[in-house]
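Novice: Respectively, the protein sequence lines represent chains A and B.
Positions in the first sequence are counted from 1; adding 219 to them yields the numbering used here.
Positions in the second sequence are counted from 1; adding 80 to them yields the numbering used here.
Hints are computed from structural coordinates only; laboratory data are not their basis.
Note that CB positions come from ideal geometry on N, CA and C, so glycine has one too.
Check the hints yourself; a few may be wrong.
Some chain A residues close to chain B (C-beta under 8 Å, calculated; not the full set) [as the list claims (entries may be wrong)]:
{"no.": "1", "residue": "Y252"}
{"no.": "2", "residue": "T324"}
{"no.": "3", "residue": "P329"}
{"no.": "4", "residue": "R332"}
Spelled out from the first residue to the last, the chains are:
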Amino acid sequence: GAGVSQSPSNKVTEKGKDVELRCDPISGHTALYWYRQSLGQGLEFLIYFQGNSAPDKSGLPSDRFSAERTGGSVSTLTIQRTQQEDSAVYLCASSLSSGGARRDTQYFGPGTRLTVL
Amino acid sequence: ILNVEQSPQSLHVQEGDSTNFTCSFPSSNFYALHWYRWETAKSPEALFVMTLNGDEKKKGRISATLNTKEGYSYLYIKGSQPEDSATYLCAFCPGGKLIFGQGTELSVKP
């Protein structure tokens, strides 16, 4: 079946502009995660959604970052007033469930490479 | 702060060599450890999810072991091939989110 998809694959923007990154999870997966990898850094957790529960936003680096998940499926990560340090590869993942099911494999999308000039 | 450490940072081997990497993680409140392979320009690919102390999992030429009491996992590749070249990531899962190590970058020369 179809895997996790993300769009756009590449995004170049100017400092101060807002950007939206989109993630389509695997159909039927109730948990959705956002991570990012900045240059020279490891993969860093940003936020995750589990069903109708309040999202875990503990990884968001600043209040310029927000995310929503509509209808329990598609998610959008929004970065307002982008800064150069926001340049990174943003990865989305989904899994069947989360919380008590920590053993679930997370399936990753191809990522969006964001460059802030 | 939950810290996941991987070593070595990079590894260069010849085709046919066997190799192994280490992942260290917090030994308290252990739930699961995940291994991923990430090739350039592709999505991270799940290799193993390990949950039980003493667990050993195998997928083709790749295997992994887990010691939850001392907080480490080893990933082994037997008879490395050029197509094994990738970054190998381990991730500790305390609940939902994954906390990743920095990865081991493997390069296999023909």
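Novice: All the hints need checking, so say for each whether the structure fits it.
Specialist: Here is what the structure says about each hint:
Interface restraint check for Y252/A: the shortest CB-CB distance to chain B comes to about 7 Å, inside 8 Å, so the restraint holds. Look at T324/A: its Cβ gets to within about 5 Å of chain B, closer than 8 Å, so that hint holds up. Given hint, P329/A at the interface with chain B, holds; its Cβ is 5 Å from that chain's nearest Cβ, closer than 8 Å. Because the smallest distance between the Cβ of R332/A and any Cβ of chain B comes to about 10 Å, over 8 Å, the interface hint for this residue is violated.
Checked against the numbered hints above, the structure breaks only hint 4 and satisfies the rest.
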